[in-house]
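Peer 1: Sequence:
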Amino acid sequence: MGGEAVAAATGTGGGRPHAVVVAYPLQGHVIPAVHLALRLAERGFAVTFVNTESVHHQIGAGRDIFAGAVEGSGLDVRYEVFSDGFPLGFDRSLNHDQFMEGVLHVLPAHAEDLLRRVVVDPATTCLVVDTFFVWPATLARKLGVPYVSFWTEPAIIFDLYYHMDLLTKNGHFNCKGFKGSIVHVGFSVPH
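Numbering (the numbering used here), first residue to last: 1 to 191.
Just so you know, these hints were derived from the structure itself, not from any lab. Note that the coordinates shown come from a computational prediction; the quantities given were computed from them, not determined experimentally. All the given hints hold, so there is nothing to weed out.
So the derived label-pair ranges between C-beta atoms look like this: (1) PHE158 with GLY44: 25 to 31 Å; (2) PRO154 with LEU104: 21 to 27 Å; (3) PRO154 with GLU42: 20 to 26 Å.
Computed list of lysine to any residue pairs in SDA-like fashion (alpha-carbon distance at most 20 Å, straight line): (4) LYS142 with HIS105; (5) LYS142 with PRO108; (6) LYS142 with ARG116; (7) LYS142 with ARG117; (8) LYS142 with THR131; (9) LYS142 with ALA109; (10) LYS142 with LEU114; (11) LYS142 with GLU112; (12) LYS169 with ILE156; (13) LYS169 with ILE157; (14) LYS142 with CYS126; (15) LYS142 with VAL120; (16) LYS142 with LEU104; (17) LYS142 with THR124; (18) LYS169 with ASP159; (19) LYS142 with ASP121; (20) LYS142 with PRO122; (21) LYS142 with VAL106; (22) LYS142 with ASP130; (23) LYS142 with VAL118; (24) LYS142 with ALA123; (25) LYS142 with ASP113; (26) LYS142 with HIS110; (27) LYS169 with PHE158.
Cβ coordinates follow ideal geometry from the N, Cα and C atoms, glycine included.
Please model the complete structure; the sequences and the hints are all you need to start from.
Peer 2: What follows is the structure, encoded as structure tokens:
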């Protein structure tokens with residue numbers, strides 16, 4: 001099957017920009033990613049929204065989270081799910097540390113398998129992935145597609161993380177009982 005036939009068969013719009021939006025596997029990250037996916041579709045993008053099976057089942061198995069927004073609108077939004085590496089019955093809240101280790105070390109391989117199937121035309125595709133993931137830049141390079149990091153929280157939260165060193169240095173975390181126990185969170189953007 002040639003490239004045009006593959007694009008036609010998969011519905012990527014043959015040359016039309018295609019955004020693959022990957023939400024972090026926590027419900028609070030999904031809603032902003034859904035809103036972004038819809039905005040991109042309204043501007044002519046074919047969008048593939050990617051979610052984990054566990055979050056998909058939390059929000060209602062079998063329920064298309066885009067049905068109300070895209071029905072009859074002509075928007076091209078597809079929905080894909082993939083495993084985060086844990087069985088659906090695994091309690092991610094109760095086993096938070098184990099879940100986070102899995103998100104860091106296991107989930108990227110499952111994401112890569114799905115993205116290799118979804119990214120049909122690297123020339124017209126970009127990845128839009130939640131900033132909390134650490135693997136997207138490496139995977140985007142492997143797939144030969146551009147990558148955009150999407151921050152799902154309010155800008156003020158990003159600002160707080162970004163300036164944590166200044167806030168600490170200037171005594172804004174001077175609460176009794178917390179001296180010396182501040183955890184510094186830092187984000188780095190791969191070049």
